[in-house]
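From first to last, the protein sequence lines are chains A and B. Positions in the first sequence are counted from 1; adding 3 to them yields my numbering. Positions in the second sequence are counted from 1; adding 55 to them yields my numbering.
Because the hints were derived from the structure by calculation, they are not lab data. Some clues are possibly wrong.
[As the list claims (entries may be wrong)] Incomplete in silico selection of chain B near chain A, CB under 8 Å: (1) S305; (2) D340; (3) L342.
[As the list claims (entries may be wrong)] Quick list of simulated restraints, FRET-style, between CB atoms: (4) E133/B x W164/A: 24 to 34 Å; (5) L94/B x G78/A: 47 to 57 Å; (6) W141/A x R74/B: 31 to 41 Å; (7) P17/A x L94/B: 17 to 27 Å; (8) D36/A x L94/B: 44 to 54 Å; (9) N312/B x T265/A: 12 to 22 Å; (10) G46/A x R245/B: 54 to 64 Å; (11) S151/B x I305/A: 38 to 48 Å; (12) G230/B x L60/A: 23 to 33 Å; (13) G9/A x Q253/B: 16 to 26 Å; (14) Q253/B x G43/A: 50 to 60 Å; (15) Q293/B x G43/A: 16 to 26 Å; (16) P294/B x G43/A: 28 to 38 Å; (17) N279/A x S151/B: 43 to 53 Å.
Cβ atoms here follow ideal geometry from the backbone N, Cα and C, with glycine treated the same way.
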Amino acid sequence: MLNLLGQRLLQLIPTVFFVSVIIFLLQQLLPGDPATVMAGEEGDPEVIAQIRKQYRLDQPLPMQYLYWIGGVLTGNLGESMRLKASVSDLVIQKFPVTLQLAFMAIIIALAIGITAGVISAVKRGTAWDYGVNVLSLWGISTPNFWLGIMMILLFSVQLGWLPASGYVSPFEDFWASLAATIMPAFVLGNSIAGVLMRHTRASMLEALESDYVRTARAKGQSELRIIIRHVMRNALTPVITLGALEFGTLLSGAVLTEQIFTIPGFGKLIVDAVFNRDYAVVQGVVLVTATTYILLNLLADIGYILVNPRLRSN
Amino acid sequence: MSAAASTPSIPAVSESPARRAWAKLRHRKGAIIALVVLLLIAFLAIFAPLIAPHDPIKQGWTSVRKPPSVLYWFGTDEVGRDLFSRIIHGARASLSAGVISVSIALLLGVPIGLLAGYRGGWVDGVISRFTDAMLACPFLILAIAMAAFLGPSLSNAMIAIGVTAMPIFIRLTRGQVIAVKVEDYVEAARSVGNTPFQIAFRHILPNIAPQLLVQATLTIATAIIAEAALSFLGLGQQPPQPSWGSMLNSAQRFLSNAPWMAVFPGLAIFVTVLSFNLLGDGLRDALDPRTSDR
């Protein structure tokens, strides 16, 4: 098992290296002189000079990369031109908000996705199965920013049940926080629930046709007991792992969801940075999300090894 | 009973794989409805100037935020423009963004995937790690970052989405090539002196085309959502040209007094994306030799 983990860790090094290269090279996409473009329309010479200094634009490209990655490795993601704050501080400040949203979304997605997927597999070929299939297609095909707007229209504008925007920390007021985040979390979880439904159904059907289920049936065990004790236990492990891997989708979705619900998280940070040509923030956010995704992938792998006795003993 | 009548129906030897796939696809109701809907949307997009009842960018101060009516089927927006006409014209931006960005992803991703899968060794190692790195960056975040650096426009949004979707096709092509390169027909092509380039493009590519077609169809759905998202954020189609995403953005400010402004553009995105997803699912079943003909 340690060998396997060691191999995975070694594979991570070149991946993380390439991620950093891709993110660094983003600034090369800027048309014309990067310092002038980053400084904006006013083009204040002082700001241009500061940008040149910050990005070491007078140095050759490999040297610029080395300075940048050197900073990143020591926790310095650069300076926000607009907010006059360190990008690392902004990330530390905003990330917990998005994490709360992502955590709630994944709980909602797992609850809906697994329940519907299990029902669909157990009731295969019935109206239930058909209904879950429709639900899953709905989840996968609905743009989350539209769903968000429609939910605001229904639950905030028409019914007045939930706040349309804003954020309250759960440490300040738990119930107000729940009210402010339940709609965006549902919007985020909706598409992942659609994906999880399909995987749960496929995984459950495979398990239902396996030899150990036939043996359990032959021993006279009740169908409910077979489904809970044998089928779900084996079928849901890959689904839960997939849930962890869907984190990337969550972070992508958070960009628009936070924008619609005016939640001051990671997504709003990158969108505001894009509009204000705050490129260091854009690079910082992409780098942190990609690294988080890679680490979650690793954790999912470790989790998979831990729950799979065959891999564990190898 | 004659011998011919008792023989189970076996597809004619001359029947092409495409014909067989079509025969299977025809029996998948969802996929066929989706195909008809998509053809209709494409028709509306192509002939938008002839079909749209009003000018999509002409403002009318006497028709501001009118609810749906006989004159304005989907109502009007905050500056009196006809929403139905804007949605028909917006289909052009969405469909072309979906098709062009996926074409970019295919044109870049397939040759790189062929190279990685066919050559193997360090070339494969470097390409695979690069692909892993791109896939580690969340799709929309990378597309937004790229579009932000390239500058806001529909063509830049298409490039950003295409490049971001490229690793999906690199990984798929590479995997398929590794699976088929040990097949007899590839060995045979090699033994008669074909160059690696000829083998990759003439012999391997046609055999992995069905999988690429399925993935391309499903990726168009993702690309349409991504284009709408970028336009929603102001990084795609620029005003006053219509786009479903930017229409949703302006609708947000008038939710309480003009909800139709948000309902119809969103429905247009949903129906188009759903149709591509249904068609992709149908194609996957139809092109899978393990599934039955019906």
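How the hints compare with the structure:
For S305/B, the interface hint is violated, the least distance from its beta-carbon to any beta-carbon of chain A being 11 Å, above 8 Å. Taking 8 Å as the C-beta contact cut-off toward chain A, the hint placing D340/B at the interface is violated, the least distance being around 13 Å. Interface restraint check: L342/B against chain A, minimum CB-CB distance 18 Å, threshold 8 Å, status violated. Remark: the range hint 24 to 34 Å for E133/B to W164/A is upheld by a beta-carbon distance near 27 Å.
Taking 47 to 57 Å as the suggested C-beta distance range, the pair L94/B and G78/A conforms, at roughly 54 Å. Checked against the hint of 31 to 41 Å, the pair W141/A and R74/B passes, with Cβ atoms roughly 33 Å apart. Checked against the given bound of 17 to 27 Å, the beta carbons of P17/A and L94/B, roughly 45 Å apart, lie outside it. Between D36/A and L94/B the Cβ separation comes to about 47 Å, which falls inside the hinted range of 44 to 54 Å.
In this structure the hint that N312/B and T265/A lie 12 to 22 Å apart at CB holds, the actual value being about 20 Å. At about 59 Å, the beta-carbon gap between G46/A and R245/B stays in the expected band of 54 to 64 Å. A hinted range of 38 to 48 Å for the beta carbons of S151/B and I305/A is consistent with their spacing of about 44 Å. The given range of 23 to 33 Å is broken by G230/B and L60/A, whose C-beta atoms sit roughly 40 Å from each other.
Checked against the hint of 16 to 26 Å, the C-beta distance between G9/A and Q253/B comes to roughly 41 Å, which is inconsistent with it. Against the hinted window of 50 to 60 Å, the Cβ-Cβ separation of Q253/B and G43/A comes to about 52 Å, which satisfies the hint. For the hinted restraint 16 to 26 Å between Q293/B and G43/A, the CB-CB distance of approximately 18 Å keeps it satisfied. Judged by the Cβ atoms, the range 28 to 38 Å given for P294/B and G43/A is violated: they are separated by roughly 21 Å.
Evaluation of the 43 to 53 Å hint for N279/A and S151/B yields a failure: the beta carbon distance comes to about 30 Å.
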